[in-house]
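J.: Spelled out, the chains give:
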Amino acid sequence: MWDLPFPLFPERASTLAGRVDSVFFVLLAITVFFTTLIGFLVIFFAIRYRKGSQADRSNAFSSNLKLELAWIGIPLVIVLGIFAIGTQVFFEMFNPPKDVTPIYVIGKQWMWKVQHPQGRSEINEIHLPTGRPVQLIMTSQDVIHSFYIPAFRMKQDVLPGRLTSEWFEPSKPGRYHLFCAEYCGTEHSKMGGWAVVMEPADYEQWLKGGPVGSGGGSSDAVPTMASTGARLFEKYHCTGCHGANSEFRAPKLDGVYGNQVPVMAANGKDIEFVTANDTYIRDSILLPKSKVVAGFDPVMPPYKDVLKEEELLQIMEYIKSIGRKEGVR
Amino acid sequence: MSHEHADAGHTSGTEAAHHGHGHDHIHPRPWNPLFRYVFSTDHKIIAIQFLFSGLIFFVVGGLMAMAIRWQLAWPWSPMPVLSKALWSSQGYRMPPEFYNKLFTMHGSVMIFLVVIPILAGAFGNFTIPLMIGARDMAFPRLNMISYWCMPFAFVAMLNSFIVEGGTAEAGWTSYPTLANSPWSTPGSFNGQTWWLIGVLFAGVSSLLGSINYLTTILMLRAPGMKMFRLPMTVWGMFITSILQAFALPVLTSALVMQLLDRTAGTNFFTPAGLSVANGPAAIGGGQPLLWQHLFWFYSHPAVYIMILPAMGMMSDIISTFSRKPLFGYKPMVIAIGAIAGLGFIVWGHHMFQSGMNPALGATFMLSTMLIALPSAIKVFNWLGTMWGGRIQFTSAMLNAMGFVSMFIIGGLSGIFLAATPVDMHVHDTYFIVAHIHYVLFGGSTFAIFAAIYYWFPKMFGRMMDERLGKVHFALTFLTFNGTFFLMHIVGLHGMLRRTADPTIYPLLNGPGVVGMNQFMTLSAFGLGLTQILFAANFLYSLVLGPKAADNPWKANTLEWGTTSPPPYYNFQTIPTVYHPAYEFSVPGVVGDFLPQTEPRPPIAGPMDPIMA
Chain Z
-18 MWDLPFPLFP
-8 ERASTLAGRV
2 DSVFFVLLAI
12 TVFFTTLIGF
22 LVIFFAIRYR
32 KGSQADRSNA
42 FSSNLKLELA
52 WIGIPLVIVL
62 GIFAIGTQVF
72 FEMFNPPKDV
82 TPIYVIGKQW
92 MWKVQHPQGR
102 SEINEIHLPT
112 GRPVQLIMTS
122 QDVIHSFYIP
132 AFRMKQDVLP
142 GRLTSEWFEP
152 SKPGRYHLFC
162 AEYCGTEHSK
172 MGGWAVVMEP
182 ADYEQWLKGG
192 PVGSGGGSSD
202 AVPTMASTGA
212 RLFEKYHCTG
222 CHGANSEFRA
232 PKLDGVYGNQ
242 VPVMAANGKD
252 IEFVTANDTY
262 IRDSILLPKS
272 KVVAGFDPVM
282 PPYKDVLKEE
292 ELLQIMEYIK
302 SIGRKEGVR
Chain V
38 MSHEHADAGH
48 TSGTEAAHHG
58 HGHDHIHPRP
68 WNPLFRYVFS
78 TDHKIIAIQF
88 LFSGLIFFVV
98 GGLMAMAIRW
108 QLAWPWSPMP
118 VLSKALWSSQ
128 GYRMPPEFYN
138 KLFTMHGSVM
148 IFLVVIPILA
158 GAFGNFTIPL
168 MIGARDMAFP
178 RLNMISYWCM
188 PFAFVAMLNS
198 FIVEGGTAEA
208 GWTSYPTLAN
218 SPWSTPGSFN
228 GQTWWLIGVL
238 FAGVSSLLGS
248 INYLTTILML
258 RAPGMKMFRL
268 PMTVWGMFIT
278 SILQAFALPV
288 LTSALVMQLL
298 DRTAGTNFFT
308 PAGLSVANGP
318 AAIGGGQPLL
328 WQHLFWFYSH
338 PAVYIMILPA
348 MGMMSDIIST
358 FSRKPLFGYK
368 PMVIAIGAIA
378 GLGFIVWGHH
388 MFQSGMNPAL
398 GATFMLSTML
408 IALPSAIKVF
418 NWLGTMWGGR
428 IQFTSAMLNA
438 MGFVSMFIIG
448 GLSGIFLAAT
458 PVDMHVHDTY
468 FIVAHIHYVL
478 FGGSTFAIFA
488 AIYYWFPKMF
498 GRMMDERLGK
508 VHFALTFLTF
518 NGTFFLMHIV
528 GLHGMLRRTA
538 DPTIYPLLNG
548 PGVVGMNQFM
558 TLSAFGLGLT
568 QILFAANFLY
578 SLVLGPKAAD
588 NPWKANTLEW
598 GTTSPPPYYN
608 FQTIPTVYHP
618 AYEFSVPGVV
628 GDFLPQTEPR
638 PPIAGPMDPI
648 MA
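Protein chains in written order, with our numbering: chain Z, -18 to 310; chain V, 38 to 649.
These are calculated hints, taken from the structure and not from any lab test.
From the three backbone atoms N, C-alpha and C, an ideal C-beta is built for every residue, glycine too.
Careful: at least some of the hints might be erroneous.
Unchecked claim - Below 27 Å or equal to it, Euclidean Cα-Cα: the simulated BS3-like pairs (lysine-lysine) are:
no., chain 1, residue 1, chain 2, residue 2
1, V, Lys263, V, Lys81
2, Z, Lys233, Z, Lys272
3, Z, Lys32, V, Lys584
4, Z, Lys233, Z, Lys250
5, Z, Lys32, V, Lys591
6, Z, Lys94, Z, Lys216
7, Z, Lys153, Z, Lys79
8, Z, Lys270, Z, Lys250
9, V, Lys584, V, Lys507
10, Z, Lys289, Z, Lys270
11, Z, Lys171, Z, Lys289
12, Z, Lys171, V, Lys367
13, V, Lys367, V, Lys263
14, V, Lys507, Z, Lys32
15, V, Lys367, Z, Lys47
16, Z, Lys216, Z, Lys171
17, V, Lys263, Z, Lys47
18, Z, Lys89, Z, Lys216
Unchecked claim - Sample of chain V residues facing chain Z (criterion: CB under 10 Å; computed from the structure):
no., residue
19, Tyr136
20, Asn196
21, Ala207
22, Gly208
23, Ala409
24, Pro539
25, Asp587
26, Ile647
Please put together the full structure from these sequences, using the hints given.
T.: This is the structure we're talking about:
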């Protein structure tokens, strides 16, 4: 291979990147074939049938139903084939494995704030381990951004007032560009940084706050997101109603996350079940009246102007941590 | 003028003779130059107004593109003229928000003030009445109003540059919450409001035009002009008008909603408690994604509004200069209809990574990929038309051939964007910038050039210079590909659109990407300079070009049966139509063409059912 001023094809550093590229190369082969074919025919006909040439024109009919059907039929087969292989990869890109590790991301003009549940947070960098699927749970503080790591072939818009997610499994240690792909204002082009992919051992070390490869973590461990969340849970007086020893009648939150919750339907009479996922927890904190648990009065005040996005994610992580205990209910 | 239309309006599809067509009562054209040339109700004058204002804004939008390219090749280095005029106090350095204004207004001007008004406004107005054999549009005054909405759009767009904070900088897509929070970026302070007003007026203009076109094509066809005898140009305009009539109201309401969000304190697109740039928290309760759905519900069909008229006109030009019937006339009509129909159910492919349910994404992927089928019909039928023809390489034909081959690249690169997994990677990169320019420059703009070369003699009664036209085509074709082809590659490597300075990232600061960016910029300057040839040819021929004959291209459609330029009333007598427009090289006919006004000789035999 000769020396090129830049790599011929962008680097691949996640398990799915190769799958995406294989779809890309199928498409490339098809499009190059048809572009060449049509380009060739335009030039060939232009020369062969130019005015005054002696070419044989006796069979040149100007309509043929079979031909029309052929050039619907052949593209149809190709299109359905692309759809089949493309959708398969697409669904994989959206269905994380069961044992996925969450990492929280907040976009704002013009920086990325990343928080690991184990406690460490960083700005414009995201440290990731190889060989472990990671799910980013993302929201924006102001305008729409988009979290994009070209080497992972993944991109997901990050919206205000909403949680979005993307998952990937880094496969190769290294430093990769991280961009904001959705135009977000004056300094949009500067909103980016690095994804630092490490060996799992180095990552564990990094999480503890110690320098990588030194063997020992620093003495004061960073509090986990859930423990910070638990402190905030008290600070904002959530324990007054939702706490274990509370006298007040409010839904207990142990074991809620990931389970079915009975809520009042919109007509105010029937009961329906919703899954207590991230979005449900978030909405129930910010706008509690949007989904009221059956059998309870809607007395909780909305927290939409009270909590910062970071605090909200920490409280959510706390509620998730007490929800994962098996057999609480 | 109303009873003139009552006369000209006897256009049932039958060929039963309507007595009295030769004795129409024709109003004289207005004596007062104000009503003759400015507030004219004559479709030909209105077409020329649309054409001229469109070409003037083509220059404005093109100059913005040059400034964008300058910045991408040599980031932050002093720009000729602009730096001295605007930023002498800041070390001649362009501020980043100005770059954002440039690409926002380049896109907005080119789409809303150039391509749509020229294709639908100018050529729709000029060709429809002449090609169907009518004296004017069904609603001439509405037609005049439709043009005079445009100056409001021009003024609003230009005014946005001088308000506090400068012109809009939320991109031509204007996604909230960037666009509707006044503090999010300087252009959203005031400029965005003027942008909304400008696009609103341009939209109303298109809507009024489309209603007029539909009515005219349905009601004012000359005797014998059945729907399946209409030239493809008219079919293209007809289906475009349907698209506009059904999609534009959605854009209009979205624009009004954003305008209310910005000025009246509503929260259609603002989520609860949103605070941008540490501003006060909004009451909120809206959804930023709602805008994206409404915007793309119009703006995806808008892409077809910018290509279907071009496809129609190219069909006529390719057939005329191949001296051969258009291959598969009825399939071509059905294909245009199918593209338009599918165009309504594909808008979600702009939003694959917005947080959309992947099942819905897969559905949008399938509907988008299906557009390849009618597009394949179009392209192979154009090739079939050239096959076995006697091709004349006029400037119009060369541009039409350029259209076919560039449209193919733009169309096929669209498949990468429709394929969801690949789009995850290339969305919002220069790959999409390459794609849109292959469709809108390689497609629509080559079609505009072809159409100008083709109809110039009929519009102005003078011929354009063919030699200059060919040089212009060759240089445009080369520099166009030099400008846009490499964008596919830099995009694949992760160079993002709307990025003022890619060189701050080491990957994009190597000699490869920087070199490609500089090459693209030099090509873009070449592309810009080449258009001086076109402008010179256009303006010179307008005044001093040789006088044009009535039918210089020996074409079959009705407009070539009247004088060049046509009289105020278009036709001395309303013509009678006997067959479709593509009777070239018919056996038993002297000469190689047969105008629609002359019956087919018996020796030519019956028409093929696919053709008529």
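J.: A separate judgement is required for each hint: does it hold in the structure or not?
T.: Structure-based check of all given hints:
For a cut-off of 27 Å, the pair hint linking lysine 263(V) to lysine 81(V) stands: about 23 Å separates their Cα positions. Of the supplied pair hints, the one linking lysine 233(Z) and lysine 272(Z) holds, its CA atoms being roughly 15 Å apart against a limit of 27 Å. Pair hint lysine 32(Z) plus lysine 584(V) holds up; C-alpha atoms about 25 Å apart against a cutoff of 27 Å. Among the hinted pairs, lysine 233(Z) with lysine 250(Z) is consistent with the structure: their alpha-carbon atoms are about 22 Å apart, no more than 27 Å.
Simply put, lysine 32(Z) and lysine 591(V) have alpha-carbon atoms about 14 Å apart, close enough for the 27 Å limit, and the pair holds. Between lysine 94(Z) and lysine 216(Z) the CA atoms are separated by roughly 23 Å; this keeps the pair inside 27 Å, and the hint holds. Distance hint between lysine 153(Z) and lysine 79(Z) is fulfilled; the C-alpha atoms sit about 22 Å from each other, no more than 27 Å. Of the pairs offered as hints, the one joining lysine 270(Z) and lysine 250(Z) holds, with about 15 Å between alpha carbons and a cut-off of 27 Å not exceeded.
In summary, the hint linking lysine 584(V) to lysine 507(V) is supported, as the alpha carbons are separated by about 20 Å, within the 27 Å threshold. Distance check on the hinted pair: lysine 289(Z) and lysine 270(Z) sit about 20 Å apart at the alpha-carbon level, within 27 Å; holds. A threshold of 27 Å between alpha carbons decides the hint, and for lysine 171(Z) with lysine 289(Z) the separation of about 24 Å falls inside it, so the pair holds. At most 27 Å may separate the alpha-carbon atoms for a hinted pair to count; lysine 171(Z) and lysine 367(V) exceed this at roughly 53 Å.
A distance of roughly 13 Å separates the Cα atoms of lysine 367(V) and lysine 263(V); the hinted pair therefore holds under the 27 Å criterion. Restraint check for lysine 507(V) and lysine 32(Z): the C-alpha separation of about 17 Å stays at or below 27 Å, so the hint holds. Distance check on the hinted pair: lysine 367(V) and lysine 47(Z) sit about 14 Å apart at the alpha-carbon level, within 27 Å; holds. Simply put, lysine 216(Z) and lysine 171(Z) have alpha-carbon atoms about 36 Å apart, too far for the 27 Å limit, and the pair is violated.
For the proposed pair lysine 263(V) and lysine 47(Z), the alpha carbon gap of about 26 Å is at most 27 Å, so the pair holds. At most 27 Å may separate the alpha-carbon atoms for a hinted pair to count; lysine 89(Z) and lysine 216(Z) meet this at roughly 25 Å. Given hint, tyrosine 136(V) at the interface with chain Z, holds; its Cβ is 8 Å from that chain's nearest Cβ, closer than 10 Å. Interface restraint check: asparagine 196(V) against chain Z, minimum CB-CB distance 22 Å, threshold 10 Å, status violated.
The interface hint given for alanine 207(V) is met, as the beta carbon of that residue sits about 8 Å from the closest beta carbon of chain Z, less than 10 Å. Given the 10 Å rule on beta carbons, the hint for glycine 208(V) holds: about 5 Å separates it from the nearest Cβ of chain Z. Below 10 Å, beta-carbon pairs count as interface contacts, and alanine 409(V) has one with chain Z at about 5 Å; its hint therefore holds. For proline 539(V), the shortest C-beta to C-beta distance to chain Z is roughly 7 Å, which falls under 10 Å, so the interface hint holds.
Evaluation of the aspartate 587(V) hint against chain Z yields a violated restraint, the C-beta minimum of about 22 Å exceeding 10 Å. Taking 10 Å as the C-beta contact cut-off toward chain Z, the hint placing isoleucine 647(V) at the interface holds, the least distance being around 4 Å.
Comparing the model with each earlier hint shows violations of hints 12, 16, 20 and 25; every other hint is respected.
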